[in-house]
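Trainee: The residues making up each chain are set out below.
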Amino acid sequence: MATGQASTKPPDANEYGGDEISALVLDPGYSTVRAGFAGEDVPKSVVPSYYGVIPTDSGNKILFGDNSIHTPLPRISIRNVMSKEGTVEDWDTAANLWEYAITSRLTNAKPGPLAYNGLNDTENDDVKMEGVEEQEKPLRDNPILMTETGWNAGKDRERGIEIAMESWGSPAYWLARNGVLTSFAAGKSSALVVDLGASSISITPVHDGLILKKGVARSPLAGNFISQQIRLMFSQSQPPIPLTPHYLVASKTPVDAGTPSQATLRTFAPNTEPDHSFRLFQEERVLTEFKESVVAVWPGPGRLSGHAQSGGTNMDIARQHPGKPFEMPDGWNQMFGAQDRYRPIEALFDPKMALSDADNPQPSASQTVGALIQSSLSQVDVDIRPALLAAVVVTGGSSLYQGFTDRLNQELNLIYPGVRVRINASGNAVERKFGSWIGGSILASLGTFHQMWISKKEYDEQGPGIIEKRCK
Amino acid sequence: MMGSDARDVMGLPSAAPKATPAKVQKPKGRGPTGMIREVLDLKYEGAPPISIVAPKFKEKPKLPFKPRPWEETPFGNSARKDGLILRHWRRKGDVVNGGSAMPVTPADSNAASEMEQDDKATPAVPDSYWAKYNVKVERPQYTDEQYETHLKSENWSKEETDYLVDLATEFDLRWIVIADRYDYIPSEKPKTDEDSMAVTLQAKPRTQEDMKARYYDVAAKTMVLHNPLSSMSSTEFDAHEKMTKYDPIRETQRKRYAEQLMHRTKEEKDEEEYLLRELSRIVSSQEKLSQERKALYDRLEAAPSSARAESYSTSMHSTSQGLTQLMQNLLTQNKNKELEKKEKRRSLLEGGETAGPSSFHPMDRSQRQSLSSAPHGQRLSDATGRRPLTQQEQRKYGVSHPNERLTGGIQFRHERITKAGQAKSGVQTSRIGAALTELKIPPRLVMPTAKVVTEYERLIESIKHLLEVRKVSEKVEGEIKVLVAQKEQAEAKDRGEEIKQEEGQSGGLEEGETQNEGEREGDDNDEDEEKDAEGEKEDSDDEEGGRGESENDEDEDAEGEVDDNVVADEVRDLQGDEDAEGEEQEDEDGEGDGNENMEEDAEGENEDEDAASSRESPAPTTKSEGMHKRSASVMSLVSNRSSKRQKK
Ligand SMILES: Nc1ncnc2c1ncn2[C@@H]1O[C@H](COP(=O)(O)OP(=O)(O)OP(=O)(O)O)[C@@H](O)[C@H]1O
Ligand SMILES: [Mg+2]
Numbered sequence: 001m002a003t004g005q006a007s008t009k010p011p012d013a014n015e016y017g018g019d020e021i022s023a024l025v026l027d028p029g030y031s032t033v034r035a036g037f038a039g040e041d042v043p044k045s046v047v048p049s050y051y052g053v054i055p056t057d058s059g060n061k062i063l064f065g066d067n068s069i070h071t072p073l074p075r076i077s078i079r080n081v082m083s084k085e086g087t088v089e090d091w092d093t094a095a096n097l098w099e100y101a102i103t104s105r106l107t108n109a110k111p112g113p114l115a116y117n118g119l120n121d122t123e124n125d126d127v128k129m130e131g132v133e134e135q136e137k138p139l140r141d142n143p144i145l146m147t148e149t150g151w152n153a154g155k156d157r158e159r160g161i162e163i164a165m166e167s168w169g170s171p172a173y174w175l176a177r178n179g180v181l182t183s184f185a186a187g188k189s190s191a192l193v194v195d196l197g198a199s200s201i202s203i204t205p206v207h208d209g210l211i212l213k214k215g216v217a218r219s220p221l222a223g224n225f226i227s228q229q230i231r232l233m234f235s236q237s238q239p240p241i242p243l244t245p246h247y248l249v250a251s252k253t254p255v256d257a258g259t260p261s262q263a264t265l266r267t268f269a270p271n272t273e274p275d276h277s278f279r280l281f282q283e284e285r286v287l288t289e290f291k292e293s294v295v296a297v298w299p300g301p302g303r304l305s306g307h308a309q310s311g312g313t314n315m316d317i318a319r320q321h322p323g324k325p326f327e328m329p330d331g332w333n334q335m336f337g338a339q340d341r342y343r344p345i346e347a348l349f350d351p352k353m354a355l356s357d358a359d360n361p362q363p364s365a366s367q368t369v370g371a372l373i374q375s376s377l378s379q380v381d382v383d384i385r386p387a388l389l390a391a392v393v394v395t396g397g398s399s400l401y402q403g404f405t406d407r408l409n410q411e412l413n414l415i416y417p418g419v420r421v422r423i424n425a426s427g428n429a430v431e432r433k434f435g436s437w438i439g440g441s442i443l444a445s446l447g448t449f450h451q452m453w454i455s456k457k458e459y460d461e462q463g464p465g466i467i468e469k470r471c472k
Numbered sequence: 001m002m003g004s005d006a007r008d009v010m011g012l013p014s015a016a017p018k019a020t021p022a023k024v025q026k027p028k029g030r031g032p033t034g035m036i037r038e039v040l041d042l043k044y045e046g047a048p049p050i051s052i053v054a055p056k057f058k059e060k061p062k063l064p065f066k067p068r069p070w071e072e073t074p075f076g077n078s079a080r081k082d083g084l085i086l087r088h089w090r091r092k093g094d095v096v097n098g099g100s101a102m103p104v105t106p107a108d109s110n111a112a113s114e115m116e117q118d119d120k121a122t123p124a125v126p127d128s129y130w131a132k133y134n135v136k137v138e139r140p141q142y143t144d145e146q147y148e149t150h151l152k153s154e155n156w157s158k159e160e161t162d163y164l165v166d167l168a169t170e171f172d173l174r175w176i177v178i179a180d181r182y183d184y185i186p187s188e189k190p191k192t193d194e195d196s197m198a199v200t201l202q203a204k205p206r207t208q209e210d211m212k213a214r215y216y217d218v219a220a221k222t223m224v225l226h227n228p229l230s231s232m233s234s235t236e237f238d239a240h241e242k243m244t245k246y247d248p249i250r251e252t253q254r255k256r257y258a259e260q261l262m263h264r265t266k267e268e269k270d271e272e273e274y275l276l277r278e279l280s281r282i283v284s285s286q287e288k289l290s291q292e293r294k295a296l297y298d299r300l301e302a303a304p305s306s307a308r309a310e311s312y313s314t315s316m317h318s319t320s321q322g323l324t325q326l327m328q329n330l331l332t333q334n335k336n337k338e339l340e341k342k343e344k345r346r347s348l349l350e351g352g353e354t355a356g357p358s359s360f361h362p363m364d365r366s367q368r369q370s371l372s373s374a375p376h377g378q379r380l381s382d383a384t385g386r387r388p389l390t391q392q393e394q395r396k397y398g399v400s401h402p403n404e405r406l407t408g409g410i411q412f413r414h415e416r417i418t419k420a421g422q423a424k425s426g427v428q429t430s431r432i433g434a435a436l437t438e439l440k441i442p443p444r445l446v447m448p449t450a451k452v453v454t455e456y457e458r459l460i461e462s463i464k465h466l467l468e469v470r471k472v473s474e475k476v477e478g479e480i481k482v483l484v485a486q487k488e489q490a491e492a493k494d495r496g497e498e499i500k501q502e503e504g505q506s507g508g509l510e511e512g513e514t515q516n517e518g519e520r521e522g523d524d525n526d527e528d529e530e531k532d533a534e535g536e537k538e539d540s541d542d543e544e545g546g547r548g549e550s551e552n553d554e555d556e557d558a559e560g561e562v563d564d565n566v567v568a569d570e571v572r573d574l575q576g577d578e579d580a581e582g583e584e585q586e587d588e589d590g591e592g593d594g595n596e597n598m599e600e601d602a603e604g605e606n607e608d609e610d611a612a613s614s615r616e617s618p619a620p621t622t623k624s625e626g627m628h629k630r631s632a633s634v635m636s637l638v639s640n641r642s643s644k645r646q647k648k
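These protein sequence lines map, in sequence, to chains V and D. The opening residue of the first sequence carries number 1 in full-length UniProt numbering; numbering runs sequentially from there. The opening residue of the second sequence carries number 1 in full-length UniProt numbering; numbering runs sequentially from there.
No wet-lab data here; the hints were simulated from the structure. Predicted model only: the values in this text are computed from it and were never measured. We put the CB at the ideal spot given by N, CA and C, even for glycine. Mixed in with the good hints there might be a few duds.
[Unchecked claim] Which residues of chain V face chain D? A partial, calculated answer using Cβ under 7 Å:
| id | residue |
| --- | --- |
| 1 | Glu89 |
| 2 | Asp92 |
| 3 | Arg105 |
| 4 | His207 |
| 5 | Leu212 |
| 6 | Lys213 |
| 7 | Ser378 |
| 8 | Ile384 |
| 9 | Ile415 |
| 10 | Gly418 |
| 11 | Arg420 |
| 12 | Ile423 |
| 13 | Thr448 |
| 14 | Met452 |
| 15 | Asp460 |
| 16 | Gln462 |
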């Protein structure tokens, strides 16, 4: 009956091998979109998912890439192609952004036949141009593997193949869940993937290389939330800590810790001021810097709000931990005590510790990492729960906080005292950030994956609905 | 620099065409310092140290192969139905992947023709190496009719069954995934009964167990439909068995337990861990124990090493070769031992007759040590970790530690049995045999274990004693009768009537028997009786026997002779040496000699036996026997005297 069951005999070493077909892997995320050739270690092209819009008389001018969106161009506003959910929102711009990400670094724009390269244009011959178009599509030689979130559903799943097949002319396409790919990158076919990105934390149970949809759990307590917590911490501290992004600072002089900054701020001529969204985006960069250098996870035992066994609160103990200095772009600087360093991220484990105001309500208890894992596991078969807990794969940029994995381990051991929990997190920050891309790179370069691709022909015959049938 | 210097000195034109390259070359590589120049001058004795090196580009490496360009090679994949052509980089001229072109078989013609329609496709693109990994689960096939007749279920509509079977096939029976993706939406029924159906048709929530149960049921039944049980292969049958045995209720229960297990508290977990540790500890120690036991058994079963050849283990002598070797050993040892024995006896006699068996212990031990190195062996064995046998094991393996006389050397039990049953005289032997048959003991023991044989020997011993006693009692009775008769005769001289009366009484039943016995004994000559005596002495130190013997003797021997005997014996013991040599002859002589040599014979035989087989000291027994003999003879003397007195 079960002829499809894997044989117990190990395959010949030769049979593991990759067989690269110049496939591209495209992994869009809320903060960045990662693109690169399958078979490579890291994505060669990492482009912000944010893009700049400059309103002009003849419509909006759209800017992509780090080089242009950080320049305070007149009236520039910053938008993101992704929704707050972490799924693609603005498909048209996204398609252009991705194309930019691919063609700017990976493939060149294909030169057309000389007769039609524009230099020899005499008069417009529409019929001929039609035929040429096919040739000029940027990815006509590259199969493309795209990633999606575990909760991506419905028509959104079909948009990718439409873009790839119709605008880019790809010969083949595949859509994979990023959780599954992350587990591949960790060398596991079954795993519980904990992804802390910018927009959301997501838990993805993966079994035998297939996502268990009912087990997918997510909450918005990720990078953006932590940024918000830091903002609240800054604004609620006495006196409030000013947050001035780099572009506003024309010059600065060093000041003592805690004293107001002495910097000359840049001024913009009326009507050339960048949009508020530009300022927020630039502030975000400062916050990411702050996250990377200052914020850390309370190492436990217990929670930051809890009481230590030796008496006293953990908060008191935290105060004795070493602090870290941080200097704002305008020169303001201060030593941040450990209680402040632990504070912005504690809400991921303990919602009561979240800072809140009118616009930012406190998260619910079901949104913490522990609760998410618990609810995810409750949706999968009992038989595989211990196996999943023994293969917890942590990925995503927001998992890079110092002490995060240890704390997660503690939390899980508290929830499941009787089960062996093993956390699998790459020590390499690049691998952690690009986990799902790397998994895609592995998958798309496998010889055995050749038969999986959805070909242009299949797409032409069955339409975009083929995604539902094939990419389960 | 050097070149130009030299040229300056020699007045040569400075820009010689050959020198130029040297000039260029020099500063690059090995521009000699002043020091080196001096050294070089010394070496070449003024020869101009000009090295002329023509300018040379780095040589083009000669590669043993021709460069082969990489080519972006298109290839197909027979596992695909759409004829997708992908490209990968391959060395020009390499055999691409599997090498085989895409097969265009009739079965594949569909795909092939499609492929040809594809403008990119070329008929001979090579097949992907990986195509062979496209394996799929077989879908259970059933027709509508078959479904109606065999597979109908109250719980499952055909539609949902189809959905389930499709899904199961799709996910290759990964039930966890199937249960995760299961999302059956009942299709709209025809519009006529839409209202009624819309309410009733609600997708039932299905657990993984429900799905499995249904699928296995369907799959098993279709399997039988396509291939009756009788003609199934064993693997098919196994699969069928497994599917029919699936019990969803038990599975659900098991999962409930599993879930409970996951939510154990820390304490419960710790306790369980502790118990598991204990268990593993117990198990491991038990393993160790059984291993040790096994090692012991191995050791017991293995042939003893040559170092232990001297020990009393008989197992090594179980082969004929071993036996002959043993014989050899014993013969050589005999010589030594005989000497020792003589020594011993002499010292014993010197030590005085009063010295009991105990006085032999030191000798005994030293002898053991020297001859068998048994204590040494013991130490050795301790070193190798052999543990001493328990009482029970000793009994089991027939190990004994005789501190008394040991019939030396190897000895087979069956020999002991036959020997026990045989007395010196044929008459005695037959009598013992008769006694045994009377006791219903077979002449050949059924189960001659060590214990049984010992008992058997004891029995024979008792029989012999009883026979002796009977003989004696008969004789005494006979004597009494004779004496009474004499007395009566003497009295009859006074009163003739009374004698006749007495005779009439003795002619009764008892009298007749004894007389018979007496007659039989009478038939046996002296030699026979001597043999009897010897047998007794050999086997036991029975005083009664001795007495019987001596009384027996007494009939024929004069009082003086007996006295002489004792004296002679003592003298001989003192002389000692005589015994040691030519025992056999002495033995025979003794037999021929009759009474006079009786004691000597007895002793001689004992020694004979000892010499033949034993390394163990025979001294104590010999001595004690000698003592017994002596005491026996003394007693017999006494009795003789008394009887003579009586006679007188
Ligand atoms: N070293 C770091 N320490 C802490 N946070 C970091 C670090 N590096 C990046 N981040 C945060 O990680 C987030 C980006 O992570 P990642 O690239 O995994 O997200 P994404 O995949 O683009 O988003 P999403 O998964 O939500 O679509 C940002 O919020 C950034 O601030
Ligand atoms: Mg991500």
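Trainee: Would you mind marking each hint as holding or not holding in the structure?
Mentor: Do the hints match the structure? See the list:
no. : hint   : verdict
1   : Glu89  : violated (26 Å)
2   : Asp92  : violated (28 Å)
3   : Arg105 : violated (20 Å)
4   : His207 : holds (5 Å)
5   : Leu212 : holds (4 Å)
6   : Lys213 : holds (6 Å)
7   : Ser378 : violated (9 Å)
8   : Ile384 : holds (6 Å)
9   : Ile415 : violated (9 Å)
10  : Gly418 : holds (4 Å)
11  : Arg420 : violated (10 Å)
12  : Ile423 : violated (18 Å)
13  : Thr448 : holds (5 Å)
14  : Met452 : violated (9 Å)
15  : Asp460 : violated (10 Å)
16  : Gln462 : violated (10 Å)
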